[in-house]
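Can you make the complete structure from the sequences, with help from the hints?
Per the numbering used here, the sequence shown starts with residue 1, numbered consecutively.
There could be a bad hint or two in this list.
Using C-beta positions, here's what the derived DEER-type ranges look like [to be verified]:
{"no.": "1", "residue 1": "Asn87", "residue 2": "Ser28", "range": "17 to 23 Å"}
{"no.": "2", "residue 1": "Pro85", "residue 2": "Ser130", "range": "33 to 39 Å"}
{"no.": "3", "residue 1": "His129", "residue 2": "Asp83", "range": "17 to 23 Å"}
{"no.": "4", "residue 1": "Arg47", "residue 2": "Lys69", "range": "15 to 21 Å"}
{"no.": "5", "residue 1": "Glu112", "residue 2": "Gly68", "range": "25 to 31 Å"}
{"no.": "6", "residue 1": "Leu95", "residue 2": "Gln70", "range": "34 to 40 Å"}
{"no.": "7", "residue 1": "Thr113", "residue 2": "Asp83", "range": "26 to 32 Å"}
{"no.": "8", "residue 1": "Val63", "residue 2": "Arg99", "range": "18 to 24 Å"}
Derived from the structure by calculation, the hints contain no laboratory data. Just so it is clear, the structure is predicted and the values come from calculations on it, not from any experiment. Don't be surprised by glycine CBs; every beta carbon is placed ideally from N, CA and C.
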Amino acid sequence: MDDADSPLQTLALVEFRVGDCRLAVEASSVVSLLEGPSHASHSSVSRLLGLPETSEVARRVLVILAGGKQRSVQVDGPVELRDVPVNSIYPLPELILSRMAINGARALVLMETVAIVVVDLSRLLVAAHSVGATQSGE
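Structural data, given as structure tokens:
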């Protein structure tokens with residue numbers, strides 16, 4: 001059995017924060033990480049996820065592949081790439097999803113004393129840009 005036939009053991013995630021919340025996206029959707037001053041052209045991850053804006057000064061910009069286009073989103077630092085064992089990733093039941101305050105939540109990672117919510121930023125960015133295009137008449 002070669003590596004292509006072996007079951008998936010880990011999933012690469014890019015972890016970031018919004019205030020005290022630890023969040024992550026699948027690394028395969030991240031094109032790059034930018035540091036430096038933020039611009040109004042970058043989407044706010046807090047706004048996309050339906051969370052309160054933070055006054056975090058350690059802002060980073062993730063460039064995400066969403067809908068075939070590269071879209072940028074501001075996140076709070078630190079930003080970290082981590083390989084997560086697949087047996088520590090749990091899908092969120094429909095009951096929890098319907099009551100969760102975080103838009104785009106897909107799964108929960110539980111490792112030792114760490115809980116990380118995996119979100120689908122690609123889908124949220126496509127939806128946000130579709131709404132923006134509709135409202136601006138594009």
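Right, here's what the structure says about each hint:
1. Asn87 / Ser28: 17 to 23 Å: holds, 19 Å
2. Pro85 / Ser130: 33 to 39 Å: Given range 33 to 39 Å: holds, Cβ gap about 35 Å.
3. His129 / Asp83: 17 to 23 Å: Distance hint for His129, Asp83 is violated at roughly 30 Å.
4. Arg47 / Lys69: 15 to 21 Å: holds, 19 Å
5. Glu112 / Gly68: 25 to 31 Å: Violated - the Cβ-Cβ distance for Glu112 and Gly68, about 37 Å, lies outside 25 to 31 Å.
6. Leu95 / Gln70: 34 to 40 Å: holds, 35 Å
7. Thr113 / Asp83: 26 to 32 Å: violated, 18 Å
8. Val63 / Arg99: 18 to 24 Å: Violated - the Cβ-Cβ distance for Val63 and Arg99, about 31 Å, lies outside 18 to 24 Å.
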